Structures are given as C-alpha cells and as structure tokens.
Amino acid sequence: MASLMTIVSLSSCGSSSKEKVTSEETTPSKTIVCYFSATGTTAEAAERIAEKTGGVLYEIKPEVAYTDADLDWTDKESRSSLEMQDPEARTAIGGELPDLTQYEVVFIGYPNWWNTHPTIINTFIESTDLEGKTIVPFMTSGGSTIDNSVQKLHEQYPSLNIHDGILMNHVTDSELETLLTSLD
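Numbering (this note's numbering), first residue to last: 1 to 184.
Straight-line C-alpha distance at most 27 Å; calculated DSSO-like pairs for lysine-lysine:
| no. | residue 1 | residue 2 |
| --- | --- | --- |
| 1 | Lys152 | Lys76 |
| 2 | Lys133 | Lys52 |
| 3 | Lys152 | Lys133 |
| 4 | Lys61 | Lys152 |
| 5 | Lys61 | Lys76 |
| 6 | Lys61 | Lys133 |
Label pairs and their computed distance ranges (CB to CB):
| no. | residue 1 | residue 2 | range |
| --- | --- | --- | --- |
| 7 | Leu160 | Ala92 | 19 to 25 Å |
| 8 | Glu44 | Glu88 | 30 to 36 Å |
| 9 | Glu88 | Ser174 | 39 to 45 Å |
Keep in mind the hints are simulated off the structure, nothing from the lab.
Bear in mind that the values here come from a model prediction, so they are computed numbers and not experimental data.
The beta-carbon is built from N, C-alpha and C at its ideal position, and this holds for glycine as well.
Produce the complete structure using the sequences and hints provided.
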C-alpha cells in the first residue's frame, strides 16, 4: 500500500474540501475527512485537515441533535454522560452515510469525551466498511491526549488499520503539515 503522504499528496490534486466533484476530468479525492462536532471546534479542525489534504468533508450528525443540557458533563444524568457510561451505547446517526469505496484514507474526527471518543464514532465505524482503509483519528480536547482514544479504537477494532492520530489542540498550519507528513 502506498504511504499515507503519497495518498494525501495525490488527493490534494483532486477536489477542494468544499466542492463536489462534478467533472469527469477532475480526479476524485482519495481522502475523506469524517467528523462529529458538538460545538463546532472539531468542525474547524476537520476543515483544516480537508484543506491540507484535498479531502472531502463529511459531517457525522446524530439523529437527535445534542442540546446544551445533553452536553453537560457535570450532570451524571445528562444524555452524553449516560451514553459514555454504557460501553454498548451506540448513538444513532442521522442522514445518509458516505460511500467510502473510492477513498483510501479516512480521517475520523471527534471531541474528547471522558478521555476517549464519543459513542457516535463507534456507530460510524460499525456502520461503514473501513476494511483496507488507512484510518487516521483526530481529536479536539481542552487538555487530554488522544492516546487513550486510539488505544480503545485499536482494542475495539483490531482488524482495522488505525494510525496513532492527531491531537488538534493549538496546532499551527506548519505543525499540521508536519503531522500529516509523518503519518506513513
């Protein structure tokens, strides 16, 4: 398999992150940047990665949107708290899932919830065909690392090719380019 940066470099010749491929002369991107963002922070990180890689953006949206009360991590009875306390919880995804057959690299982004990924990420992984894909997790967080989340992803999905991932906290464009280059 080609190195990730070769794929990322080639994919940057394709469509931009916000335009859809509409012409047969345009080479479709081999990279997709899928993300869940409850507050907009992870969406911004996803847009930056898509811009740098030439990847196509796909937002993972919950079937029922989270309210501020749902996201109150200090309330042990809030929706997000209850979901994260149940390892079998799978938050329903709203809308159509992307067809990943044309993609070689799948970035999956999310906020840090309880030092790991939200359950909607499990739903996404279990609802799409990621076999044979290069999967690069990325996370936004107020202070935690991505390490625990990546470890759990490896444990939960041992057959998938999951890279170490990227923590997007305060990453400059130059640092992001270096991180993307180091992922092979």
